[in-house]
Structures are given as structure tokens and as C-alpha cells.
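Trainee: Protein sequences appear in the order of chains Y and P.
Be aware that the first sequence starts at 1, since it is given in our numbering, and climbs by one per residue.
Be aware that the second sequence starts at 609, since it is given in our numbering, and climbs by one per residue.
Since the hints were derived computationally from the structure, they do not count as laboratory data.
Please read these numbers as outputs of a predicted model, since none were measured by experiment.
Incorrect hints may have been included.
Said to hold, decoys possible - Derived list of chain Y stretches under chain P, where covered just means 3 residues or more per stretch with a C-beta under 8 Å from a C-beta of chain P:
no. : stretch
1   : 341-347
2   : 551-562
Unchecked claim - Stretch-level coverage of chain Y by chain P, calculated; a stretch enters the list once three of its residues show a Cβ under 8 Å from a Cβ in chain P:
no. : stretch
3   : 41-53
4   : 312-322
5   : 396-408
6   : 504-514
Here a beta-carbon is modelled for each residue, glycine too, at the ideal position from N, C-alpha and C.
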Amino acid sequence: MKKLLSGNEAIARGAWEAGVEVAAAYPGTPSTEILENVANYPEIYSEWSTNEKVALDITIGAAYAGKRAMATMKHVGLNVASDSLFYASYTGVNAGLVIVNADDPGLHSSQNEQDNRHYAKFAKVPMLEPCDSQEAKDMLRLALDLSEQFDTPVILRTTTRTSHAKSIVELGDRKALPKRPYEKNPQKYVMIPGYAKRRHPVVEERLTKLAEYAETCPYNRIEIGDYSPRSGAERGLSLGIVASGPSYQYAREVFPDASFLKLGMVWPLPRKLIAEFASRVRRLIVVEELDPFFEEHIRMMGIPVEGKSLFPIVDEFSPEVVRRSAYAAGLVDRPPVERAFDKGALPLRPPVLCAGCGHRDVFWVLRKLKITVNSDIGCYALGVMPPLTATDTIGCMGASIGVATGMRRGGLEGANVAVIGDSTFFHSGMPPLANAVYNHTPLTTIVVDNRTTGMTGHQGNPASGLSIHREMHTRVDIEAVVRAMGVEEVHTVESRDLDEMEKVIKQAIQSNKPAVVIAKTPCVFVTSHPREAYQVVTEDCNGCTMCFRIGCPAIYKSEVLDEKYKRPKAYIDPLACVGCGLCFDVCAPQAILEGALKQEATLTTHVA
Amino acid sequence: MVTANFLLAGVGGQGTLLASDILADIGLRIGADVKKSEVHGMSQRGGAVTSHVRWGEHVASPLCEKGAVDYFVAQEMLEALRWIEFIRPGGTVLLSQQQIVPTSTVYGADQYPGNDHVISVVKQAAGTVLLIDAKKVAEELGNPRVANSVLLGALSAQMDVSADDWLAVIVSRVPQKHVEINRQAFYAGRERNWEI
């Protein structure tokens, strides 16, 4: 049966077909949908783990115990999990272990565009890279087979374009495998220096054998171009292209006559196959997104090759990016179609905090207090966007509290706070908070607890207690956790209560102790709307713009101008407004009419 | 074999992804090779959403090349202007008259482009322009959410694929209780001449 599947859906299907029994992940674009789809298969134990390292450790343990396992994460998630990747490379596995790593060239939803092919080389483990959904599914099984055959974790690398593009997949059946019994073997599984030292040569030998395998891997293949009698094979051999993943697909369209070395196994590389291909073509180029990974390797083999001298090292590729570079290099006859139209200046449409989002309340107060904000990764990263523009720093998951501590120690003048979400707090916010307590850092941390992992699509986490199957597990109480860590100055406040929030934030900062403010603000997607929409009483509105400055997507400039100041009056879209009331709170002329409280309003997905 | 490149562009919440899933499934149904690619990382936060759908004998790239889109379905006026370079000279644009004003025009000095300006640029770029008041038609039918079926109906009239194939896929993709209104919306889009 054929079906259109995204790369992520195909990977989930591939895991099921290949007999995976344990799967764990922390959500992260563009990888999230893999585990969401895996969760639909009852044969597979699946969970949202608190972070990527935890997820990887769990799947490593499952593989040791004898069941096929899969951990999935975005590229920066592998940074978090990398410590575990490196020891697992030494210990090897028992049953197959695949780590699915989704890179994000173009930073559609990430803080950088690192090229994680380097991790395969760095950790000395094999890496496969599919170019469409069929390959994604098939390679998932191959990854597990290789993992068992060579006793190594295997990384399957996608990019946003493979994860989120759909193509046709032939579905197969699940092949359940017998459990591989666990045998105690401390020399293999205990990485104390004495034992680890003896594992390193095993890893090097394994890499040599994997490099031999790469020569015959069916996903590394030479495709000789343009054999048509009219033009002859000669034309096809004038240009040879090395490519993998989506870059291969773009290059296939831009260079229809060229010859290709299509790499599906991107580490270790097939040296003989590369040398053979290079010897057959007159000009060898590499079309690869981000870093010159293949290019440098090929050049080190002493083979003349071009890559980053022709194609960009930054941003995602597309057919026109490849064509533009190829045309500039004289490799193709036709430039991209680039027509210029007199469009005028177009307003951007960046993502914004949703109407009714409680994070808006927090940033409204922080902006008013004019304090430095060290924020973190999540929906609340949008607090940096105009008109709130409340944020000073954001780095990576969990960085807020450490950076805020450092800014205190580094002599920052004036107050600063760390802002971190509930899911991010459990991901990597607890160690730096314990550190602040231990080292007596007078720092205020605001945990913006919206009871969900919002930006990636409202997954459960320890704060909500919701499992990947949307069942209520155990909630881990943030207030109890921070008190147990020794934070004495703890305030829990409803974000909607602006006066109270401002008061406790000031109090926390003035306490001059490690302090935590838990700003509770259930995400509008996980609760029912408690109120009817608010309304602007047009005759009372004087167009003062205060409500425009909260950046609410439900508030518009109306066509009606204020008579005195000739400013457009406000209008609230009743379909978009969820009745949070921040505009009501900030409206100086009191021109906003409060919506009625809905009697039936209840939290729909979790118990308070 | 029907070969076509489609681009759909809208704003988070407009159903861009569902509409493109339907288009991709129709391609599969008529025996084409199909690829579909979308950017939806933060679409739920009111961001711009685009989706590329390609039908062909063999489709390599999941993205349409700029200047090579045959049918551009713009669900929103500003987004039509933003992505117009993708249409090939002579291509067809289906322009929904809906306007969704970004917050930057509310707190800042950005100006939402005027209808006449959008239409004139789109006409300059495309061979055929269909100007469709999809939301109004949908509201008249009783549910503004079926606007996309109006657009798909209008698109179907431009293509050599039977109405039955289109409807079979649309029906499979909407809840049972909304099948009839989506069928009506599809025909409301299909049976009227929207060309300007």
C-alpha cells in the first residue's frame, strides 16, 4: 500500500516496521512529529522525556537490555545528549539503537544552523541521511540492522526539508524481533578509564569495518548522467556531483544531465567509491547544505573538488539557490527566473504571542520595571519581539538562569531576572537554580508556568503531568521543587494579576536572595476560554495606542478616527479575543468593555 | 499525466496545510508522483505559512523553484504579494480577498497594502488571475471555515482532473458532518467564473 507520508511520519512507521520497542524524545522542531506518530503504535513504549540526554540514556538502556530502541531530537538536542552519545559509542549496544537527529538549515525554528554530520565523525559512529520519505523509512531499518551488526549507535540525520516534506511511501508490515538477552559485561558497559581505554581500539576497528561497508552500502550509488544517443555519454561525464539528502534532489533538477554520486551513508565515507567516481568525471563538485563536510574529506584524499567556492555555506538550499550558484559558476545555461515587482514595503508577519497568552502579562510588567531580562527557549522567547521588546538575552535551553547569574557576578548595573518556562525548567533549569542557591547568588528567576510545552505543539511535561498519550500521570510541583532546593523567597502568582505580579517581582528582587516567582498562566490552547471577548466602546476610545502596545493579535486599528487627535481608534476582533483582559487593564480612558465570565469555564486538559 | 507545481500561502489558522494535504492526495489518486513541503514551525503563532505541492511523472525536489509555479493559491492578500515571485510567467493565481492584518501595522508604522495595489502586481506577474471572495461565499453557505473548499473548487475548474476525484479526497479529509457544506463550497467555487 502506498501512502503520502512526511519524513517524520515515515521514520515513525519505519521504527514500527523494524521492531522498535522503546522510543523517547524531547520535543523540538523539526523532529517533534516522529514521537507523536510513534505514540500511535501500542507495540512501542514511548515517552516525552525531560530532555534529550535523558531520552538518549533511556534508549541506550533499552538497547542494553535487549530491545530495539530509538531516540529522536532536533540538532541542538544532540548537543544536550552528546555526552551520552560519546559513551554509547564506546560501550556499543546490544539490540539496535538509532538516534534520529533533525538539523534545521535556514533556522526555521532554532537558535543556530549547526551541521550535525560532524557529530558522526566526532563520536565515531555511522550516520545515514535520507533524501525522501521512502528512504527515511527504509534507512531506519538499515540503521538498526547496522547498529546490531557493528555494535554501535547509528545516527539517522534529517533536515527540516526531509522531516516536513511528504512523498510517496510503500508501507510494510512490522517484523517483531526476539529480545537479545542482556549479559553482564562490565568491561563493555562500565566506562571507567581502565575499561574505556580498551574500548577505544574496538571503536577504531569498528570504524574501519564500517568504512568498508560504506563502499557497498546500497544507498551510496553512482548515477551516470545523460546516456541518450543524441548527446552521448560524454556530456554526462563532464560534470560529477556529490550530494546527499534534499541537496541531491535540488541538484537532480538543476543538473538533469550530470552524473551523481548520491550518498545515503554520510559517515564513514566510501573512499574507493568517491575515488572511482572522481576518476570518471571531468569536473567534480559537491552540492551540500551548510558545512563543507564531504568537500573537505574528498580534498584530504588528494582529489580536486569544488564546493563552497560555488555554493553558499549559510542558510537552507532551494532549487533557485542551487541554480543561482550553478549559473554564476557557468555550470548551467539558465539562470533562475528572477522577476522584480514593485511591491512596496511589505509588513512582516513574524510569529507573535497568541491572543490571551499569559506570557504577555509577564513581559508587560518586566518592560514597565525596565529590568534586564535573561530569557530562554520557548513561546516566551517571543517577548523579545516588538512592541514588547522586553528581552536582553536568549541562548539555548536552560541558559537563562546561568547567564543571569553571570550578569549579576559580572557587575551588571540594575536588576535582572531569569525567565524560564515550565518545560525548560525541567529540561535544564534545575541545575543552575541549585547553583544559585548553593553559591548565594541574589537572583530572581521567573518560571512562566503555562502547563505545556507550547512552541512545539503543546506536548505534556512534568509540570502538566500529561503523558505522550494525553493521560494524566504525576505532576511535579515546581513550587515544591524550588523550596526543596533551598529557595526561601518563593512567590506563586497568577500572571493575569498585574499589580500582584509587579509587587512580588519587586519584593523578590529586593530580598537580595535567590528567589523564584512562579507566574502561572495556563496556555490558551490547554484551557477553555474563561471569558467572552472584550469590546471597545468606540465613542470612549481616544486612539491613545496603549492597547496597541501590548502586541495582541486580536486588536486592530479601526477605520474610525478620534475627532480630537485624528488617531485611529481600537477594534477588538471578537473571534480572535479570548478574554484575557490585559487590554482592559492598560486602557487609560476605560474604553474597553469587560466580557462576561463563562459559567461553564473549566480547565479542559488537566486538573488544577 | 497531469504535471503541476502548486504554491499555497496563508496565515497560521487559515488551513493552508490541510488544503495542501488535499492537493497532494489528489495527485496520488490520479497516479502522479507527488511531493509536498511546508514551513509551519511557528504557524500557530500567526506567522506566514507556505506549502509547496508538486505533481509529475518523477518529482525530485520537494520545493517548487521560484518562477516555476503553475498555480498559486493565495489565501490572503498580503501573502499573495509576499510570494508572487514564485508564479511562472503565464501561471494562474487564485487570489482570495481575505485580509489578515499583522500586528506590526497596529503597533508600528507598517502599512497593509491596498487591494488595488495587490491586484495590479498579481496581474502583472501572472497569466490568469482569479479574484475570489472565498470567505464571503463560505459565510453565505453558513460556515467561514469552508473558504478553502471554495478555493479548491475554483482551482479544480482550471485543471484536467475530474470533480469526482477532487471531491473524493475532500470528503475523506473533512469530518462527516461537514461533508455536505464542503461539497457545496467546492461547487460554489468551481461553477463560477472568477477571472478578472
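Trainee: Hint by hint, say whether it matches the structure.
Mentor: Hint-by-hint comparison with the structure:
With 7 residues having a Cβ less than 8 Å from any Cβ of chain P, the stretch 341-347 of chain Y passes the three-residue criterion, so the hint holds. For a cut-off of 8 Å, the count of residues in the stretch 551-562 of chain Y with a CB near a CB of chain P stands at 6, and the three-residue condition holds. With 0 residues carrying a beta carbon less than 8 Å from a beta carbon of chain P, the stretch 41-53 of chain Y misses the three-residue requirement, and the given coverage is violated. Note: the stretch 312-322 of chain Y has 3 residues with beta-carbon separation from chain P under 8 Å; the three-residue rule is met and the coverage holds.
Three residues within the 8 Å Cβ limit are the bar, and the stretch 396-408 of chain Y against chain P gives 0, so the coverage statement is violated. Requiring three or more residues with a Cβ within less than 8 Å of a Cβ of chain P, the coverage given for the stretch 504-514 of chain Y is violated, as only 0 such residues are present.
In the structure shown, a violation is registered for the earlier hints numbered 3, 5, 6, in ascending order.
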